[in-house]
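**Student:** Residues per chain, in single letters:
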Amino acid sequence: MSKKLKALIIGFSLFFVTACSGGAESSGSGAISTSEIVSLSEDVPPGLDSDGPSASIPVTQMAIGNIMEPLVYYKDGAANATGVGLFDFNEFEGRLAESFTYDEATLTWTFKLRQGVVGCNDETFNADDVLYTFARAKSVSGSAPIGWFLSNVADIANFTAGVFDADAAVATAAKELGDEVTKVDDYTVTIKQAKPNKLLLPVLTIFGLNIFDKEGMEANATPEDPWAHEYSNNTNLPSFGAYCIDNWVKSDSMTLVANENYYAGAPSIKKVVWRKVPTSANRLAAVQTGQAQIVDKLTPSEFASLDGVEGVSVSAVTGNQNLFVHMNFLTKPFDNVLVRRAIASAIDYDKIIANGYFGKAQKWDSHMPSTYPGYKKADSPYTYDPEAAKALLAEAGYVDDGSLKLTYITELESTLGPIATQIRADLAAVGINIELDPIPQSQFGDRALVKRDLPFALNDNEKPIAVDSGYATLLFFVSAANGSLNNMVNYESTTVDDLYVQLKNEGDNTKRDALLAQVQETLMTDVTWVPVVEYQTQWAHSDKLSGIKWHPDNGIRFKDLSVASN
Amino acid sequence: MAKKSVKESAVFKKALWYHDRLLLAGVIIVSLALFLSVFGFMIAPYDPGTPVGPISQAPSSQHWFGTDSSGLDVFSRVITAPRIDVVLSVSAALLSGLFGTLIGLGTGFYEGRFSSLVMRISDVLQAFPIFILAMVLVALTGRNLVNLIFALTFLYTPIFVRLTRTEVLTQKTRTYVEAARATGNSEWRIALKHVLPNSLTPSLIQLSVTVGFGILLTAGLSFIGAGVRPPTPEWGLMIATSAPRLILGEWWSSLFPGIAVSLTVFGFAALGNALERRVGSA
Amino acid sequence: MRPKQKIASVAHLRKVCFLNTEIGKTKVASYVLRRIFIGFLQAAGITLVVFFVIRSLPADPVARLVGFNSTPDVYNQAKASLGLDRTIWVQLGDFVGTDGSGVITGDLGKSWVTGSSVTSGVATTLPITLQLVLLSFVVAIAIAVPIGVATAKRPGGKLDKSVFGYGLFAGAQPEFWWALMFIFFFYFQLGIAPAPLGMLDPLMVAPDKITGFILIDSLLTGRVDAFFNALWHLWLPIMTLAFILSGPIIKMTRQSMARVLSSEFILYSRASGLSRKQIARSTLRASLPPILTLTGILFGFMLGGAVLIEQVFSLNGLGSYSIRAVLNLDYPAIQGTVLIITIISLIVYLILDLVLVFIDPRVKAQ
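Chains as they are written, first to last, in the working numbering: chain A, 288 to 853; chain B, 5 to 286; chain C, 1068 to 1433.
Worth flagging that the hints you see were computed from the coordinates, not collected in a lab.
We treat Cβ as the ideally placed atom computed from N, Cα and C, and that holds for glycine.
You may find that some hints are simply not true.
Below, simulated BS3-like cross-link-like pairs (lysine-lysine); rule was C-alpha separation at most 30 Å, straight line [what the hints assert, rightly or not]:
no., chain 1, residue 1, chain 2, residue 2
1, C, Lys1146, A, Lys462
2, A, Lys692, A, Lys619
3, A, Lys557, C, Lys1276
4, A, Lys558, C, Lys1276
5, A, Lys750, C, Lys1276
6, A, Lys584, A, Lys558
7, A, Lys738, C, Lys1146
8, A, Lys677, A, Lys664
9, A, Lys677, A, Lys362
10, A, Lys362, A, Lys479
11, A, Lys692, A, Lys479
Short, incomplete list of chain A residues facing chain B, as computed with Cβ under 10 Å [said to hold, decoys possible]:
no., residue
12, Ser567
13, Asp687
14, Asp688
15, Lys692
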């Protein structure tokens, strides 16, 4: 063997050995500390501004939820069978606000603010911060006016569409914060609604209205950027939450350290290394080998594979994640209710639950998440009945030309692929031949949300952000002419519109729920969507880690967690 | 000196024999691929697009290559995939060969500023990141077979342009061209009837290799979600959909399509290489 | 037959054989300048093409911003914030920098997804890809060239046959599939590779960024632990890429060497009594051009093609960055990354052509 070759082999082996030894020290260590954890997600926030370009990204919302703090939040409820804590969505408790009262006559909420709240950089909390937050929301100066939207949907007085008026003078006037949010004293704030609207407390729990620290934000504002969108999106969020940003490499990793001065007591976990690992299989590998203590968004099969694996547990909860078939009312043949009913009867729901979700799902018999206040299970849900489907198609006079395409998000091929393939086979069995059409997420969003021209699609990603069936109605089912925000299927029903007008400002909960029940029955009769399943939100984690609670944004709050020493 | 020449010729003969083996392997594989692209659908035991069994089953007597995560039979999909993969790549290779050769002929024969411009454009196209270009093209036009062929053709034409042009530049200076001119042939005739046939050799050889790379690119595009649409049987797509399952122990749904790609592309490359050895040095 | 001369060196030999053409310094300089100018035009051309092409893509990036809320007012607000409400010519001007900041000042705009500058996004991800590709090339060349040289000396031998087959095989492989298979065997079955989680262990703190190349930075800051940990995470992706790259390089080396060895030039060197070492050196030098050309082509291909490896191994490199940009219709990021990748490829080609000019006197600087 030539000298060169020999040298090469020796050199390579040396490199290999040193690399291995360097790696072996820290790989597969398994031993975890009780105060530091590694969390892996498919993404790490690319931006943190709640009114910014990344606001609609789930990890951004989760990060905001960990770094900032809301005025109020839901009360704890019971834990479920796998130990996941649930909230009682009908009951609220104070967070940054110690207590709150409501005056029906003047539609005014009075919040008594908590004293002694200190943030990461020794910021102190008082009423000025609340006013600042709402003033910033009203200024709609960011890329996406989330804060304004939430206030508007809750009918906070004077948060109107006037802020978008083409006339600059009108718009500027509309953007000024008036007496709708008033500082009574350093620790008392009032918020006035224009009409009775049950959504006020729910929207206050949402990331878009978490409270900023006025001094911290203003210190980092510039003349061109008076509301510090640059700073809050790219550097830090001056606020009062449980965690502080220690290090942040966009879309790569974020290190959070506990805020020792957190008003509810310093979190048990002092340091969280949150890393981006886009491939779910890699996240699975990491949690199995103990290199990560908690991971999310694995595929159902990956979660199922962890059954019985030592050292790892899977926590699952039926939250607000669901799968439905979307049929556009403006496209033939979906304008015929018989065809829609036929499709609803053609789908083998049990097979999808078994093969698509490995049992971690339940049939969905409404158009509202079952955990949301106002939910009502349908009186006569759809069932798998191919014969009935064929009969309905015959009655409808359906002629199949094989041109239908079922669209879904290509990035979700791993989970939705098998389900779409199953549906394709199910529909073929009753005489409807379709093609599958996976498209990139951005295109799907564009066609579903903006253009609303998607004829036939599989959608597993719609979660009403406010935990309320009335809000969901406004979001999806009210007609576009009457103010719906996301009516993807171009559904129009005067019944639903009228019902919504009645329930929107209904102060009495019993009456409101009755109206919502009627809405849901109408939706089922009209087959507005074909609700398929509600699938469980799951996390895989070290079996020493506990305390997971299900928050409606499906994100973890690290302050809930604790790690047992043994 | 005499001893050496005998040895050399014996070695040379051995080398030829070996390369004939390579040629043999290439021919066998390519023939198999072409056969399957025509008859694959007929001899497949199951419909490649319909779930026919329990999901994620290991290879068994009913499903020789097992089933994948949707319950589709892997064996049927592997042998019906050539109809997509091979047809797509062969079409793209032929089309890009056609365009590339013609353009190469033109720019090689008529050297001038326009020709340099075309070459510069071709250079730029080759400097372009192939995957990005492919993705953008498919995003622009949509994920179907015709658009994929179009994208591949667009990407591979510069190769043939460069090959043909180089050859034409050499051929141009040969005596037979002078002779043809002397007998009064028009430039066009000289180019098409005399120079072109003699400049085709590198392109023809490149065709086989291009088919192979076309299959690889299609598979790669499908892997990142910009190729054919499911549940079309296509090797890259099969690897893409079963890659996440590999970690769960489901090795059969990614191993067999991978071997298929690997062997097929190798077959085309071997064929091209063997042709080059036999014909190219003429 | 020439009288036997004592040939003192290879240079002397070249002179004797009239192989050494005089390339004046000025000629080379003007060649370089001309190439740079053309390269600049090419880069500009590509950027313009991309600029217009992506704006005709069938989807709308605004939808991604507005998320769950899409009243016309909000939509228009978002559209304005992206600058899409202006005419395409104003957008082009803004991109190029007619208003003071743009490509000509090095400002590639702001990514719509992350909100931070494209330049910083590229600066973070490019070193990762370059590191991976360069190291893979080094390993591939270190393995492939000696083997190619060794087999070229004995054509038709057993080594030659098997190596040739390997070369043909390796160059025709789907690297993403091999990466998956390697992970399956070396990580899951054998445990001698780390989980494909990225460049470093999750709990290890990355060394301070100086150059952006983690291997260099870790050495510069004295973080030897990070250095070895990064190597530990990189060995499998490098091996995968090197495996693929070695195929065509071995073939080309063998072919080129064999051709040179049987050429008249070497025949004459032998006949003139040059030492084996001198002949070996000049042989290598003479066979380099096609190898270099091939390397250049492979490098350009790899820069974008490494995205598949980056995806499988969770390395946050430029390929992943640009793919994400395309999928999310992040126009500034798409424009920026295409421009950068094109420029890098053009620079690599220019360097290779210059090296060719210097080592191969047959290549005239046109």
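**Student:** So, for every hint listed, does it hold in this structure?
**Tutor:** Checked hints:
1. C/Lys1146 x A/Lys462: 19 Å, holds
2. A/Lys692 x A/Lys619: 12 Å, holds
3. A/Lys557 x C/Lys1276: OK: A/Lys557 and C/Lys1276 at ~25 Å, within 30 Å.
4. A/Lys558 x C/Lys1276: 22 Å, holds
5. A/Lys750 x C/Lys1276: 40 Å, violated
6. A/Lys584 x A/Lys558: Given that 30 Å is the threshold and the Cα spacing comes to 22 Å, the pair holds.
7. A/Lys738 x C/Lys1146: 14 Å, holds
8. A/Lys677 x A/Lys664: Measuring from Cα to Cα gives roughly 26 Å; hence the hint holds.
9. A/Lys677 x A/Lys362: 48 Å, violated
10. A/Lys362 x A/Lys479: 23 Å, holds
11. A/Lys692 x A/Lys479: 48 Å, violated
12. Ser567: Because about 6 Å separates A/Ser567 from the closest Cβ in chain B, which is inside the 10 Å limit, the hint holds.
13. Asp687: Since the shortest Cβ distance to chain B is 16 Å, the answer is violated.
14. Asp688: 17 Å, violated
15. Lys692: 9 Å, holds
Comparing the model with each earlier hint shows violations of hints 5, 9, 11, 13, 14; every other hint is respected.
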